[in-house]
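> I would like the entire structure built from these sequences, with the hints used as guidance.
Number of protein chains: 2
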Amino acid sequence: MKTEIFAFLDRVRPEIDAALDSLLPSESTSPSQIHRAMRHSVFAGGKRLRPALCVAGFTIFHADFKPVLPVSAAIEMVHTYSLIHDDLPAMDDDDFRRGLPSCHKKFGEATAILAGDALLTLAFETVSSCRGFHEATLLHTISELARALGTRNGMIAGQVLDLEAEGQILRKDQVEAIHAAKTGALLSTSVWIGAYLGGASASEADRVRDYGRKIGLAFQIMDDVLDETESAETLGKTAGKDREHRKATYPAVFGMEESRRMIRRLTEEACQIAQPLASPTLIEIAGFLEKRCR
Amino acid sequence: MKTEIFAFLDRVRPEIDAALDSLLPSESTSPSQIHRAMRHSVFAGGKRLRPALCVAGFTIFHADFKPVLPVSAAIEMVHTYSLIHDDLPAMDDDDFRRGLPSCHKKFGEATAILAGDALLTLAFETVSSCRGFHEATLLHTISELARALGTRNGMIAGQVLDLEAEGQILRKDQVEAIHAAKTGALLSTSVWIGAYLGGASASEADRVRDYGRKIGLAFQIMDDVLDETESAETLGKTAGKDREHRKATYPAVFGMEESRRMIRRLTEEACQIAQPLASPTLIEIAGFLEKRCR
Numbered sequence: 001m002k003t004e005i006f007a008f009l010d011r012v013r014p015e016i017d018a019a020l021d022s023l024l025p026s027e028s029t030s031p032s033q034i035h036r037a038m039r040h041s042v043f044a045g046g047k048r049l050r051p052a053l054c055v056a057g058f059t060i061f062h063a064d065f066k067p068v069l070p071v072s073a074a075i076e077m078v079h080t081y082s083l084i085h086d087d088l089p090a091m092d093d094d095d096f097r098r099g100l101p102s103c104h105k106k107f108g109e110a111t112a113i114l115a116g117d118a119l120l121t122l123a124f125e126t127v128s129s130c131r132g133f134h135e136a137t138l139l140h141t142i143s144e145l146a147r148a149l150g151t152r153n154g155m156i157a158g159q160v161l162d163l164e165a166e167g168q169i170l171r172k173d174q175v176e177a178i179h180a181a182k183t184g185a186l187l188s189t190s191v192w193i194g195a196y197l198g199g200a201s202a203s204e205a206d207r208v209r210d211y212g213r214k215i216g217l218a219f220q221i222m223d224d225v226l227d228e229t230e231s232a233e234t235l236g237k238t239a240g241k242d243r244e245h246r247k248a249t250y251p252a253v254f255g256m257e258e259s260r261r262m263i264r265r266l267t268e269e270a271c272q273i274a275q276p277l278a279s280p281t282l283i284e285i286a287g288f289l290e291k292r293c294r
Numbered sequence: 001m002k003t004e005i006f007a008f009l010d011r012v013r014p015e016i017d018a019a020l021d022s023l024l025p026s027e028s029t030s031p032s033q034i035h036r037a038m039r040h041s042v043f044a045g046g047k048r049l050r051p052a053l054c055v056a057g058f059t060i061f062h063a064d065f066k067p068v069l070p071v072s073a074a075i076e077m078v079h080t081y082s083l084i085h086d087d088l089p090a091m092d093d094d095d096f097r098r099g100l101p102s103c104h105k106k107f108g109e110a111t112a113i114l115a116g117d118a119l120l121t122l123a124f125e126t127v128s129s130c131r132g133f134h135e136a137t138l139l140h141t142i143s144e145l146a147r148a149l150g151t152r153n154g155m156i157a158g159q160v161l162d163l164e165a166e167g168q169i170l171r172k173d174q175v176e177a178i179h180a181a182k183t184g185a186l187l188s189t190s191v192w193i194g195a196y197l198g199g200a201s202a203s204e205a206d207r208v209r210d211y212g213r214k215i216g217l218a219f220q221i222m223d224d225v226l227d228e229t230e231s232a233e234t235l236g237k238t239a240g241k242d243r244e245h246r247k248a249t250y251p252a253v254f255g256m257e258e259s260r261r262m263i264r265r266l267t268e269e270a271c272q273i274a275q276p277l278a279s280p281t282l283i284e285i286a287g288f289l290e291k292r293c294r
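Chains as they are written, first to last, in the numbering used here: chain G, 1 to 294; chain F, 1 to 294.
Rather than coming from a laboratory, the hints here were simulated on the basis of the structure.
Be careful, since some hints might not be right.
Identical chains blur together in the list; that is why a pair holds if it fits in one copy or across any two.
[As the list claims (entries may be wrong)] As a list, the in silico DSSO-like pairs of lysine-lysine whose alpha-carbon atoms are at most 30 Å apart:
#1 K247 with K105
#2 K66 with K47
#3 K247 with K106
#4 K47 with K291
#5 K291 with K247
Model, not experiment: these values are computed from the prediction.
This is the structure:
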C-alpha cells in the first residue's frame with residue numbers, strides 16, 4: 001500500500017512542478033529579485049500534498065488529470081505564500097524551511113513579504129485564467145479558495161488564533177478549532193476543488209470535503225508530533241519551535257500517545273468516508289499520512 | 001468644476017463606504033483582532049479615489065452605479081492591503097497613515113501582515129461572489145485585477161523596483177517605469193474595470209485605460225510633490241519620508257517646477273483622451289487631481 005501511494009505522489013509531483021515552473025515568471029524576468037524569491041520557496045522540496053489532494057479529487061472522475069494541474073499549482077502557490085509569511089520574524093520567526101534558509105533569511109524581509117503577496121496574487125490570476133472549465137465553476141472555485149484562506153474559519157483565522165493562544169492553556173475544542181482553520185480549511189478545500197472541477201455531485205463533493213477535514217486534522221496532529229520527536233535535520237526546519245513558543249499543540253494538550261491514537265482514528269474515519277467514492281488514491285493518502293507518524 | 005467633482009466624490013464615497021462596511025466582517029466577528037485591524041485601515045479616511053474611478057468608468061454607460069459597488073469596494077480593499085504592507089517596518093517603516101497610527105503601530109506587525117493578506121484575499125472573494133454580471137466578465141475582471149497587482153509591471157513590481165532604487169540616481173524612463181507599475185497599474189485598471197463591467201467596447205475600454213495611465217502618473221507625481229511641500233499634519237502621514245529614504249521621486253529627479261508642469265500636461269492629455277467618451281466625471285476627476293497640486 002505504501003508503494004502505491006508513493007507511486008501516485010511520484011507520478012503527480014513532477015507534473016505539478018512542471019505546471020508551477022510554467023506559471024511562475026522565470027528568474028531572469030524583471031524585477032528578478034522577487035521572482036528568484038518566489039521560486040526559491042516554491043521549489044524548496046515541498047511534498048506537494050495539497051496539489052496532490054486536488055489531483056486525487058479530480059481523478060475520482062477522470063483518469064487524465066492534466067486539466068486540473070494549473071489549479072493544483074495555484075493551490076501550492078497559496079500554501080507557499082502562507083509558509084513565507086508564517087516564517088517572518090514578526091510571526092513564527094523561523095530561519096529554516098524544508099532544510100533551506102527561509103525566504104526572508106535569504107532575500108530579506110521586504111522581499112519575503114512581497115514574494116508571499118505575489119504568490120497569493122498569482123494563484124488567483126492562475127485560476128481566473130484557467131481554460132477547460134465552465135466560467136461559473138471557476139468563479140465558485142475562486143470563491144471557495146478565498147474562503148479557505150480567509151478570516152472566517154479559514155487559514156488566516158487559524159493563524160490569528162494560534163498567535164493569540166501562545167502560552168495559554170486551551171480546551172480540546174479550542175485546539176481543534178485553531179487547527180481546523182489553520183491547516184484543515186485549505187487541505188479539505190484542495191481535495192474538494194479537485195472533485196468539484198471533476199464534476200462531483202453535491203453529495204459527493206460534501207463527502208470529499210469531510211474526508212479532507214479528517215485527514216487535514218490528522219496531518220496537523222502529525223506535524224505537531226513530528227515537531228516534538230524528530231531532529232531538525234530530518235524535519236528540515238528548526239525542531240521543538242512549537243514547545244519553545246508554547247504553541248497550542250496536540251502533544252502538549254493531550255500527550256504523545258493520545259495524539260498518535262487520534263491520528264489513527266481520524267485516518268480510519270477518513271477511509272470510511274472515502275469508501276463509497278471508490279477512490280483507492282484517497283484511501284492510500286490517508287494511510288500514508290498515518291504511517292509517517294508511527 | 002471643482003464643485004461638481006466634489007459633488008461626484010461626495011455622492012459615491014458614502015456608497016463605497018457602505019459597500020465596504022457590509023463586505024468586511026464586523027469587529028465582533030471572531031477572531032476580532034484581525035477584523036478590527038482590517039477595519040481600522042479601511043476606514044481611516046481614504047479619498048476612495050480608486051473605487052470612485054471604477055464607479056466613474058461604469059457611469060459612462062449606466063447612470064445607476066449600484067451593481068459595481070462590490071467590485072469598487074474590492075478595489076479599495078486591495079489598495080488598503082498595499083498601504084498596510086508598505087507601511088511595515090521592513091518596507092517604508094511609516095508610523096502614521098491618514099493621520100492615524102498605521103496598522104502595525106496599532107495592532108502589531110503580525111496582525112498587520114495578516115490584515116493585509118486578509119484584505120487581498122477578501123477582495124478576490126468579493127469579485128468572485130459578485131452578482132449581476134456574466135461569469136466570463138467577472139473572471140476576466142479578476143484576471144486583470146491580479147495582473148495589476150502582480151510582479152510583471154504590476155504594483156508589486158513597482159514596489160520592488162522602488163525599494164531597489166533607494167539611494168540610486170535614475171533616468172526619467174526608470175522613474176516612470178517604477179511609478180507606472182507602483183501606482184499606475186491599479187489606478188488605470190480601476191477605471192478600466194468600471195468601464196469593462198459597464199459594457200465598454202474594446203476600443204472604449206482601451207481609451208479608458210489610457211486615460212487611467214495618464215492620471216495615474218499625474219497622481220503619483222502629485223503625491224511626490226505633496227510629500228515635499230506639505231506638513232505632516234496636512235498630509236496625515238510623516239512628511240519628507242521620500243527624501244529621507246532617498247526615494248526615486250519626481251521632484252528629486254526633475255525638480256519641483258518641472259514636476260508641476262508634468263502634472264498639468266498629463267491631466268490635459270487625460271482630458272483629451274476622455275473627450276470622445278463624453279464623461280464629464282472623468283474630465284472633472286483629472287481636473288481635481290491637477291488642482292490639488294497648485
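> Please go over all the hints and tell whether each is borne out by the structure.
Taking the hints in turn, this is what the structure says about them:
In this assembly of identical chains, K247 and K105 lie within 30 Å of each other by CA distance both inside one copy and across copies; the values are 23 Å within and 24 Å between. For a Cα distance limit of 30 Å, the shortest separation of K66 from K47 inside one copy, 19 Å, qualifies, whereas the shortest one across copies, 46 Å, does not. In the homo-oligomer, the alpha carbons of K247 and K106 lie at most 30 Å apart both inside one protomer (26 Å) and across protomers (24 Å), since each shortest distance falls under that limit. Proximity of K47 and K291 under a CA criterion of 30 Å is satisfied intra-copy only: 15 Å inside one chain copy versus 56 Å between copies.
Taking the shortest alpha-carbon separations for K291 and K247, only the intra-copy value of 24 Å comes in at or below 30 Å, while the best inter-copy value is 54 Å.
Going down the numbered hints, you'll see the structure goes against none, and every one checks out.
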